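Build the full structure now, drawing on both the sequences and the hints.
Single-letter residue listing:
There are 2 protein chains.
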Amino acid sequence: MDKAIVLTGGLFDTVHAKTAHGLVRGSERFEIVALIDSVSAGKDAGEVLDGQHRGIPIFTSLREFIASHTEVMVSWCIVGVATKGGVLPEPIKVELTDALNAGIGIVNGLHEPVSEIPELANLAAARGLEIVDIRKPKSFRELNFWSGRIKEVACPKIAVLGTDCALGKRTTARFLNKAMQQAGFKTEMIYTGQTGWMQGAKYGFIFDSTLNDFISGELEAAILDCWENEKPDMMFLEGQSGLRNPSGPCGAEFILSADAQGVILQHNPTRLKFKSLEQYPMDIPALEDEVELIERYGVKVIAVTLNTYLVSLEEARQFQRTYEEKLGIPVVLPLEDGVDRLIPLLKKMIVN
Amino acid sequence: MDKAIVLTGGLFDTVHAKTAHGLVRGSERFEIVALIDSVSAGKDAGEVLDGQHRGIPIFTSLREFIASHTEVMVSWCIVGVATKGGVLPEPIKVELTDALNAGIGIVNGLHEPVSEIPELANLAAARGLEIVDIRKPKSFRELNFWSGRIKEVACPKIAVLGTDCALGKRTTARFLNKAMQQAGFKTEMIYTGQTGWMQGAKYGFIFDSTLNDFISGELEAAILDCWENEKPDMMFLEGQSGLRNPSGPCGAEFILSADAQGVILQHNPTRLKFKSLEQYPMDIPALEDEVELIERYGVKVIAVTLNTYLVSLEEARQFQRTYEEKLGIPVVLPLEDGVDRLIPLLKKMIVN
Numbered sequence: 009m010d011k012a013i014v015l016t017g018g019l020f021d022t023v024h025a026k027t028a029h030g031l032v033r034g035s036e037r038f039e040i041v042a043l044i045d046s047v048s049a050g051k052d053a054g055e056v057l058d059g060q061h062r063g064i065p066i067f068t069s070l071r072e073f074i075a076s077h078t079e080v081m082v083s084w085c086i087v088g089v090a091t092k093g094g095v096l097p098e099p100i101k102v103e104l105t106d107a108l109n110a111g112i113g114i115v116n117g118l119h120e121p122v123s124e125i126p127e128l129a130n131l132a133a134a135r136g137l138e139i140v141d142i143r144k145p146k147s148f149r150e151l152n153f154w155s156g157r158i159k160e161v162a163c164p165k166i167a168v169l170g171t172d173c174a175l176g177k178r179t180t181a182r183f184l185n186k187a188m189q190q191a192g193f194k195t196e197m198i199y200t201g202q203t204g205w206m207q208g209a210k211y212g213f214i215f216d217s218t219l220n221d222f223i224s225g226e227l228e229a230a231i232l233d234c235w236e237n238e239k240p241d242m243m244f245l246e247g248q249s250g251l252r253n254p255s256g257p258c259g260a261e262f263i264l265s266a267d268a269q270g271v272i273l274q275h276n277p278t279r280l281k282f283k284s285l286e287q288y289p290m291d292i293p294a295l296e297d298e299v300e301l302i303e304r305y306g307v308k309v310i311a312v313t314l315n316t317y318l319v320s321l322e323e324a325r326q327f328q329r330t331y332e333e334k335l336g337i338p339v340v341l342p343l344e345d346g347v348d349r350l351i352p353l354l355k356k357m358i359v360n
Numbered sequence: 009m010d011k012a013i014v015l016t017g018g019l020f021d022t023v024h025a026k027t028a029h030g031l032v033r034g035s036e037r038f039e040i041v042a043l044i045d046s047v048s049a050g051k052d053a054g055e056v057l058d059g060q061h062r063g064i065p066i067f068t069s070l071r072e073f074i075a076s077h078t079e080v081m082v083s084w085c086i087v088g089v090a091t092k093g094g095v096l097p098e099p100i101k102v103e104l105t106d107a108l109n110a111g112i113g114i115v116n117g118l119h120e121p122v123s124e125i126p127e128l129a130n131l132a133a134a135r136g137l138e139i140v141d142i143r144k145p146k147s148f149r150e151l152n153f154w155s156g157r158i159k160e161v162a163c164p165k166i167a168v169l170g171t172d173c174a175l176g177k178r179t180t181a182r183f184l185n186k187a188m189q190q191a192g193f194k195t196e197m198i199y200t201g202q203t204g205w206m207q208g209a210k211y212g213f214i215f216d217s218t219l220n221d222f223i224s225g226e227l228e229a230a231i232l233d234c235w236e237n238e239k240p241d242m243m244f245l246e247g248q249s250g251l252r253n254p255s256g257p258c259g260a261e262f263i264l265s266a267d268a269q270g271v272i273l274q275h276n277p278t279r280l281k282f283k284s285l286e287q288y289p290m291d292i293p294a295l296e297d298e299v300e301l302i303e304r305y306g307v308k309v310i311a312v313t314l315n316t317y318l319v320s321l322e323e324a325r326q327f328q329r330t331y332e333e334k335l336g337i338p339v340v341l342p343l344e345d346g347v348d349r350l351i352p353l354l355k356k357m358i359v360n
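Top to bottom, those sequences are chains A and B.
Numbering of the first sequence is given in this note's numbering, commencing with residue 9 and proceeding in unit increments.
Numbering of the second sequence is given in this note's numbering, commencing with residue 9 and proceeding in unit increments.
A few of these clues could be false.
Copies of the same chain are indistinguishable here, so a pair counts whether it falls within one copy or spans any two.
Think about it this way: if two alpha-carbon atoms lie no more than 30 Å apart in a straight line, the pair counts; the simulated BS3-like pairs of lysine-lysine are [unchecked claim]:
no. : residue 1 : residue 2
1   : 144       : 308
2   : 146       : 51
3   : 210       : 334
4   : 281       : 308
5   : 159       : 11
6   : 92        : 334
7   : 159       : 283
8   : 239       : 101
9   : 281       : 159
10  : 92        : 210
11  : 283       : 194
12  : 210       : 281
13  : 101       : 146
14  : 92        : 159
15  : 283       : 92
16  : 92        : 239
17  : 92        : 144
18  : 334       : 101
19  : 308       : 101
20  : 283       : 334
21  : 355       : 159
22  : 51        : 144
Hints listed in this document are in silico derivations from the structure and should not be mistaken for laboratory results.
A quick note: this is a predicted structure, and the numbers were derived from the prediction, not measured.
Below, the structure written as structure tokens:
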């Protein structure tokens, strides 16, 4: 595995660094050796994330890292933030210049293509280094149109949706995938964002940077590709945004175009406003209401997973009990308890 | 107005030629002088469309038109079909070569960019002619991200949605816009497809060819632009696809991101299967069910408009009565009766 450093420009301790959070949790594509973040510098990235030490030190700057780690061969610097509109933050641009000067290539998941920033592109060319812009849109000719062939996929597909964006849908999907694999099943996760690809998921596409007319076709094609090559027992589909997030409502594609057999719904019980829309006069819908809306699309919500950011464990347990009583389905806390409790439920959906 | 000819490659008498149908109904951007369609040749385009003569003759080929109309200065040939996946049909490519050879420029609304077909691009360059690819995707830098500023728009916005694609949402929106203007109101239509632009709508964007992350932002930006420049009494938003069309579910953006105050729902009472998905095991939802789903998103369906393709007038009237009884809202037949009956209802929504 290539060694990589993640840049978060002072945002590591916020929801904007969800790409970095995913990479700290684990990746099969890159070995993360350090994080650059002036605000959280001096700590361990795992401890900042969830109190769990992971041996990933945080440095103030790339220069500081390089000065003290002359023997480490780092191949990549990864942009680890997801900004509104996908613009590259200025402090990260400075670090990217240092990276290229130090002979390190760039992996970028923002909309703004680093390969189109002349200073950086020229520097990379001069040094023979690669700039990988994961979100660079595919052209019309490379894209798939939805065909209905999704019905050929004989294994159940579980969509991991959420009541908002940046709630941990990808992390939950990854947990479910690993838990089922450890229980002896052959399962796969279909990624739909840049972080999923960075973490090493093999099948998927990048939702945000796909031309709208081809979203359902690219989703179908990724699932078909996975089915034909792997013949898994089950697939987990990484959802995007939320059905009623006004800044980009999303979710029906996973139910209808990907023909999901069940939904697992991620929710934060105390987050009342959509991410980055604290001033907007619309609240995140109540969990029960979201479940009803999803089920109107013709699929059952089989479980709820709780994001507990800014929720105390005691409060979270109370919400867990209340929701279970109201909805009559399992409600689990993935980060605190894992997702093993859902294995019997998922097992039952696999027909042999 | 520039004179233009519309090419439909033998598909004029099918739902695939909805771009041509719109242009035959009317355009403020182009004066349509003829249509090229080998299947419907010899007839009047208006008569084929809806029995109404419009003085737009149909020819077998562009060559045939040119031979008999040497005195007419045609500026543009417009590709008048919407194919699955947006690929340019071969018979139309042949006609486009003839067009360029005759000194006529090209307007294309398919995903496949005509300006990237080497033979045609070279021919156009050699003859100093323009190829306008309306759907050519905008780059990240030209796109708007959703901001929530939609709340600054003080006039009501009515979304014209449908239970499927190719049902006449754009035509109904256009009818509503004209009816309200004739009744003395200042109204605007926000286009979201290539045909709306071709018909001369001033504000809008092309949904299908926009990067998914910017759909809601482009919609908001078009509405804000219209509001700031025109300060209309009301806007009509051209919807896309249908909320539960598996080949590309769509609609929530118009309700949530565009903050619509009402929905007018277009429906064909006898079309049971989604367009081009006759073999797919999923039916178009019942009208009442679609109304309930839309209203779960927090907006009222204020009227239903019926598409009567392959429905007899007698049948259509029966459906009209039944739906009115069931739903308790006006149900109108735009092509048969116009939409004037909805004016009082819309008038009441305009607060002064």
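Now for the hints, and whether the structure bears them out:
Taking identical chains as interchangeable, the C-alpha atoms of residue 144 and residue 308 are never at most 30 Å apart, the minima being 35 Å within one chain and 39 Å between chains. Taking the shortest alpha-carbon separations for residue 146 and residue 51, neither the intra-copy value of 39 Å nor the inter-copy value of 42 Å comes in at or below 30 Å. In this assembly of identical chains, residue 210 and residue 334 lie within 30 Å of each other by CA distance neither inside one copy nor across copies; the values are 37 Å within and 49 Å between. With identical chains, the CA atoms of residue 281 and residue 308 are at most 30 Å apart both within one copy (25 Å) and between copies (23 Å).
Taking the closest pair of Cα atoms, residue 159 and residue 11 never come within 30 Å of each other, the shortest separation being 40 Å inside a single copy and 47 Å across copies. In this homomeric assembly, residue 92 and residue 334 never come within 30 Å of each other (Cα to Cα): the closest approach is 35 Å inside a single copy and 44 Å across copies. When the C-alpha separation of residue 159 and residue 283 is checked against a cutoff of 30 Å, the pair qualifies only between copies, where the shortest distance is 18 Å, while the shortest distance within a copy is 35 Å. In the homo-oligomer, the alpha carbons of residue 239 and residue 101 never lie at most 30 Å apart, since the shortest distance is 42 Å inside one protomer and 41 Å across protomers.
Only between protomers do residue 281 and residue 159 lie at most 30 Å apart by alpha-carbon distance; the minimum there is 16 Å, versus 37 Å within a single protomer. Taking the shortest Cα distances, residue 92 and residue 210 sit within 30 Å of each other both inside one copy (26 Å) and across copies (28 Å). Within a single copy, residue 283 and residue 194 get their C-alpha atoms no closer than 34 Å, and across copies no closer than 36 Å, so neither meets the 30 Å cut-off. In this assembly of identical chains, residue 210 and residue 281 lie within 30 Å of each other by CA distance neither inside one copy nor across copies; the values are 33 Å within and 34 Å between.
In this homomeric assembly, residue 101 and residue 146 come within 30 Å of each other (Cα to Cα) both inside a single copy, at 24 Å, and across copies, at 24 Å. In the homo-oligomer, the alpha carbons of residue 92 and residue 159 lie at most 30 Å apart only across protomers (19 Å), although the nearest pairing inside one protomer, at 36 Å, exceeds that limit. For a Cα distance limit of 30 Å, the shortest separation of residue 283 from residue 92 inside one copy, 10 Å, qualifies, whereas the shortest one across copies, 36 Å, does not. In the homo-oligomer, the alpha carbons of residue 92 and residue 239 lie at most 30 Å apart only across protomers (29 Å), although the nearest pairing inside one protomer, at 37 Å, exceeds that limit.
For a Cα distance limit of 30 Å, the shortest separation of residue 92 from residue 144 qualifies both inside one copy, at 17 Å, and across copies, at 24 Å. Proximity of residue 334 to residue 101 under the C-alpha cut-off of 30 Å is found in neither arrangement, the shortest distances being 49 Å within a copy and 60 Å between copies. In the homo-oligomer, the alpha carbons of residue 308 and residue 101 never lie at most 30 Å apart, since the shortest distance is 45 Å inside one protomer and 47 Å across protomers. With identical chains, the CA atoms of residue 283 and residue 334 are at most 30 Å apart within one copy only, with a shortest distance of 26 Å there and 39 Å across copies.
Taking identical chains as interchangeable, the C-alpha atoms of residue 355 and residue 159 lie at most 30 Å apart only when both belong to the same chain, with a minimum of 21 Å there against 47 Å between chains. For a Cα distance limit of 30 Å, the shortest separation of residue 51 from residue 144 qualifies neither inside one copy, at 33 Å, nor across copies, at 47 Å.
Hint violations for this structure: numbers 1, 2, 3, 5, 6, 8, 11, 12, 18, 19 and 22, all remaining hints satisfied.
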